[in-house]
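Asker: As a plain string of letters, each chain reads:
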Amino acid sequence: MADRAEDDADLVRRARAGDAGAWDALVERLGSRVWAVARAQGLNRADADDVFQITWMRLVTHLDAIREPERVSAWLAATARHESFRVLRRNGRQIPSGDDEDFEGTVLLEQPLDARILADERQKAVWDAVATLPPHCQRLMRLLMADPPFTYEQITELLDMRPGSIGPTRARCLEKLRRRLGAMDDKHERTTS
Amino acid sequence: MSGTGDSGFDELGLDDALHADLQLAGRLDEVPAESVAAAKASFAWRTMDAELAELAADSAEEGKLLAGVRGPGAVRMLTFESPTLTVEVEVLEDGSRRRLVGQLVPPQAGRVEVRHSRGTVTVAADDLGRFSVDDLAAGPLSLHCSGIAGGKEIATDWVPV
Chain V
1 MADRAEDDAD LVRRARAGDA GAWDALVERL GSRVWAVARA QGLNRADADD
51 VFQITWMRLV THLDAIREPE RVSAWLAATA RHESFRVLRR NGRQIPSGDD
101 EDFEGTVLLE QPLDARILAD ERQKAVWDAV ATLPPHCQRL MRLLMADPPF
151 TYEQITELLD MRPGSIGPTR ARCLEKLRRR LGAMDDKHER TTS
Chain L
1 MSGTGDSGFD ELGLDDALHA DLQLAGRLDE VPAESVAAAK ASFAWRTMDA
51 ELAELAADSA EEGKLLAGVR GPGAVRMLTF ESPTLTVEVE VLEDGSRRRL
101 VGQLVPPQAG RVEVRHSRGT VTVAADDLGR FSVDDLAAGP LSLHCSGIAG
151 GKEIATDWVP V
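Chains as they are written, first to last, in the working numbering: chain V, 1 to 193; chain L, 1 to 161.
No lab work stands behind these hints: they were computed from the structure.
Where hints are given, some of them may not hold.
Which bits of chain L does chain V cover? Going by a derived footprint, with three or more residues having C-beta under 8 Å, they are [as the list claims (entries may be wrong)]:
# : segment
1 : 18–29
2 : 37–43
3 : 106–114
4 : 136–144
5 : 147–158
Far from chain L, by Cβ distances over 10 Å, these chain V residues were calculated [claimed, not checked]:
#  : residue
6  : 5
7  : 7
8  : 13
9  : 31
10 : 36
11 : 90
12 : 94
13 : 132
14 : 147
15 : 163
16 : 178
Beyond 10 Å from chain V on every Cβ pair, some chain L residues (computed) [claimed, not checked]:
#  : residue
17 : 88
18 : 101
19 : 120
Note that CB positions come from ideal geometry on N, CA and C, so glycine has one too.
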């Protein structure tokens, strides 16, 4: 983790010095996280694209002002979250809280058709099972899909959860997911000891 | 419910397999390739010397679209402020196209470059600081003002319109 942060910081410093290759590498490396944050806030892909662009453009604008280059990943995630809220407000939608199990906002989980066609059965089964979960679980699951993964502390912040609630919430949501998957796919027998 | 569900996130085994499944499923919702390309291209807009004008007011966020809710004729007001210049912009929405009518404050002539994910459009602000841009694609944009009093360049925050 520390090495990753140091590599991130190195890319930021090189981009500051005008190295476009370092910038490209940052986008490649951290782009899927930015995307995951926007999608986990319940934005459709078109709105998530706006947030994605704005987040990177803001980083271009603020590149010299980032005080802790090793925390650029957290800066990007926080910016994407902030910009996602802006889009939600603009669209007149409710801003979800991570602990709200009664939250009824629409969430996720449309997916690009071309990806769907190429997907294998397991991928589709998992995705479809996630899509049947309550909204607060879908949001959490979408962040757990990020690669590289977010830390629990980051997820707590990104979803506005109470400190300490992520463990139990995550366990309950995963348990639901496991049951839906079990119901969908009997061949995949999972034993709990 | 079995005991495994409540054992917290130190639990390995089952949860690890599920996490792997989730990460695999996440690949069904990857960042569009053109979005990645646009984000990379935005590096070309890096300007070290421009003064930043932050978004100070957005009528859409306050829930006040001036003429009706969205659709043709809806008007959104944006105000960007920097220590030397304020930029006020009316955004007129028509489907996926946008028209901008702007005002530099204090009023003065200058050059306004509209930067957005599909490229740039440059227009002149007249002596009263007025400018307009027609037929812009919806999406994030920033205004880059130059040729103004004091010789500074001003770049506004990025905002989706």
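Asker: All the hints need checking, so say for each whether the structure fits it.
Answerer: Comparing the hints with the structure gives:
| no. | hint | verdict |
| --- | --- | --- |
| 1 | 18–29 | holds (count 11) |
| 2 | 37–43 | holds (count 5) |
| 3 | 106–114 | violated (count 0) |
| 4 | 136–144 | holds (count 3) |
| 5 | 147–158 | holds (count 3) |
| 6 | 5 | holds, 21 Å |
| 7 | 7 | holds, 18 Å |
| 8 | 13 | holds, 14 Å |
| 9 | 31 | violated, 5 Å |
| 10 | 36 | violated, 7 Å |
| 11 | 90 | violated, 5 Å |
| 12 | 94 | holds, 13 Å |
| 13 | 132 | holds, 13 Å |
| 14 | 147 | violated, 5 Å |
| 15 | 163 | holds, 14 Å |
| 16 | 178 | violated, 7 Å |
| 17 | 88 | holds, 19 Å |
| 18 | 101 | holds, 20 Å |
| 19 | 120 | holds, 13 Å |
The structure does not agree with the numbered hints 3, 9, 10, 11, 14, 16 stated previously, though it agrees with the rest.
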